[in-house]
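Participant: Protein sequence lines correspond, in order, to chains F and C.
Each position in the first sequence, counted from 1, maps to that position plus 12 in my numbering.
Each position in the second sequence, counted from 1, maps to that position plus 112 in my numbering.
In case anyone wonders, no lab produced these hints; they're calculated from the structure.
Every residue, glycine too, gets a C-beta built ideally from N, C-alpha and C.
A few of these clues could be false.
As the list claims (entries may be wrong) - The following label-pair restraints were derived from C-beta to C-beta distances:
hint: 1; chain 1: C; residue 1: Val499; chain 2: F; residue 2: Asp44; range: 31 to 37 angstroms
hint: 2; chain 1: C; residue 1: Arg125; chain 2: F; residue 2: Gln71; range: 51 to 57 angstroms
hint: 3; chain 1: C; residue 1: Asn130; chain 2: F; residue 2: Leu28; range: 35 to 41 angstroms
hint: 4; chain 1: C; residue 1: Leu136; chain 2: F; residue 2: Gly56; range: 40 to 46 angstroms
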Amino acid sequence: MEPLIQVKDLVKVYHLGEVEIPAIQGISLSIDRSEFVAVMGASGSGKSTFMNILGFLDQPTSGQYLLEGISGERLSRDELAEIRNRKIGFIFQGFNLLSRTSTLENVELPLIYAQVPAAKRKEMVKKSVSEVGLEGREHHYPSQLSGGQQQRVAIARALVNEPSILLADEPTGNLDSKTSEEIMAVFQRLNRDLGITIIMITHEPDIARYAKRKILFKDGAIVHDEANVALAAGMEREANP
Amino acid sequence: MTTFFASLRIALRALTVNKMRSALTMLGIIIGVGAVIAMIAVGSGAKARIAEQIASMGSNILIILSGSSTSGGMRFGSGTVPTLTVDDAKAIVNEIPAVRYIAPNLSGVSQVVYGNQNWSTVVNGTYPEVLEIREWSLDSGRSFGQQDLDGATKVCLLGKTVADNLFGGIDPVGQVIRIKKVPFTVIGVLAPKGQSTWGQDQDDTIFVPLTTAQKRLFGMTFPGMVRVITVQAKGPEYMNEAETQITDLLRQRHRIQPNQDNDFSVRNLTEVMSSAEQSANVMSLLLGAIASISLIVGGIGIMNIMLVSVTERTREIGIRIAVGAKSRDILLQFLIESLVLSMMGGALGIAIGVAGTFVLSAITQWPTLFSIQAILLAFFFSGSVGVFFGFYPARKASLLNPIEALRYE
Chain F
13 MEPLIQVKDL VKVYHLGEVE IPAIQGISLS IDRSEFVAVM GASGSGKSTF MNILGFLDQP
73 TSGQYLLEGI SGERLSRDEL AEIRNRKIGF IFQGFNLLSR TSTLENVELP LIYAQVPAAK
133 RKEMVKKSVS EVGLEGREHH YPSQLSGGQQ QRVAIARALV NEPSILLADE PTGNLDSKTS
193 EEIMAVFQRL NRDLGITIIM ITHEPDIARY AKRKILFKDG AIVHDEANVA LAAGMEREAN
253 P
Chain C
113 MTTFFASLRI ALRALTVNKM RSALTMLGII IGVGAVIAMI AVGSGAKARI AEQIASMGSN
173 ILIILSGSST SGGMRFGSGT VPTLTVDDAK AIVNEIPAVR YIAPNLSGVS QVVYGNQNWS
233 TVVNGTYPEV LEIREWSLDS GRSFGQQDLD GATKVCLLGK TVADNLFGGI DPVGQVIRIK
293 KVPFTVIGVL APKGQSTWGQ DQDDTIFVPL TTAQKRLFGM TFPGMVRVIT VQAKGPEYMN
353 EAETQITDLL RQRHRIQPNQ DNDFSVRNLT EVMSSAEQSA NVMSLLLGAI ASISLIVGGI
413 GIMNIMLVSV TERTREIGIR IAVGAKSRDI LLQFLIESLV LSMMGGALGI AIGVAGTFVL
473 SAITQWPTLF SIQAILLAFF FSGSVGVFFG FYPARKASLL NPIEALRYE
């Protein structure tokens, strides 16, 4: 079966005036459906640039990136917006919720831009909100929610359009360790029960532990790409007690 | 449509978040639209009053005055020497096709008496056509006719002011008044006409048959003498033709040599009035233009606030673009926001402009006139200001780079 994500010889170079800054220097990898990948690396290693390209927020300088066989090359700004809207769910470190906007309306946002009719929107939002366990917080504003709850709203928003992948950029960066564990439990459940593909940037090994596969970036290249043995073992133990 | 209503909701929410700022931004438009509405109302009020006065005077009128006299090197004004005759008037209406009606006039100020009341007024001996020329109707009774002119009968028509002063509540028709001790039967009362352009009470007058005035009241230095002939041309396009032909005809009848001055003068009143109308037009245009400037300043205020708003909400815009908002969606959102600001300002401005105009006209007694067109125009104009000045900030927002926008602190 064709992999969900195919990346081949990906290069990204930023131009700062006359100076060329290579952010990604020839990456190739593929990610299958239902994988849970942790992308690690020091700051400046190119992992954020990589995520931006995976999320169709940025275009590679050269090389190829295919999501379900679709390339972002030569697509207009609005066509890229449509791909993001349909196929990608974003989760950010700073939650990035709209302030003075209720949980329901935050979650509803991608559906509005997808022109989904109101009745259908309501149904999809409800489903998504219950998946992250936010029932009873539907009409709260972000300022009335805890950090963990805010990140759950962000996850619900990312899920609402039933995207092909969830892209999470340091999802626990602003959370304490207990809340981080809760969020990771949500990720694991989504990945295990609903088969959702998750790609998550993190610099904390503790968090990376929850993923099934770890990729380590250094100076714009992949230096490590391995299955999470410990986790695999743990899950096996869970399955066969 | 989904996105339109969503954008509208978002815009309204964004505006309620910063209520003070929205209100102050709107204030510019409110003042602008209010000023435009008030100034247009004042301008069209002035124009309407002038048009009314022109209509009350009658249209397409030429006035022929008899000549000025010179005595011992001293020149007197027009009408001081009687040079015009009834025959001149008859010749004008018979020989010049551009002329519709004539009303020769011999007038004087007299004391009129009824019972124990008396009143000083202008008594005009004239033709009944004067009522046609000045578009003047009768409130009661009848006008005089040819047989009254032929017989020099002692009948008269009273202006409203004279009737009120002499008779109070009594119906004057059929009563006898004395003008210069000569008894006259009142046969009609004229409808009120109000003040003329120069503030004279047009209703303070009495009309009697010309022949009666000549024989019984004012006397004549020569047969058929009149002081003024009022002429009505067939239409505005005949005015110049009539004026030239009357001048030629009168010079010929008065045997004036080519190198001699006229012993009469012809005045075109419509011209005087239309120049007054023109200056009213210029005034309302000027007022409107000045008011429009404040509307434009209000628009710049909107643009300023929208630019600030776009900068403040860079992150929000980034989120929207990341989750799939197209350029059009963002453009629409901010355009609707500035449109809502300007249209709400426009609506409030209309209310304030209308209220302000009432206050202004109550204080200054200026005539004012509202037209629904002016109000619609101001509303439409305020909407255009919103779109025009909102477009640049909205476009700026719609073209933001999502990566940079998301990183914006």
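Participant: The structure should be examined with respect to each hint, and the outcome stated for every one.
Facilitator: We went through each hint and held it up to the structure:
{"no.": "1", "hint": "C:Val499 x F:Asp44: 31 to 37 angstroms", "verdict": "50 angstroms, violated"}
{"no.": "2", "hint": "C:Arg125 x F:Gln71: 51 to 57 angstroms", "verdict": "34 angstroms, violated"}
{"no.": "3", "hint": "C:Asn130 x F:Leu28: 35 to 41 angstroms", "verdict": "36 angstroms, holds"}
{"no.": "4", "hint": "C:Leu136 x F:Gly56: 40 to 46 angstroms", "verdict": "45 angstroms, holds"}
Figure legend: structure checked against the earlier numbered hints; hints not met, in rising order: 1 and 2.
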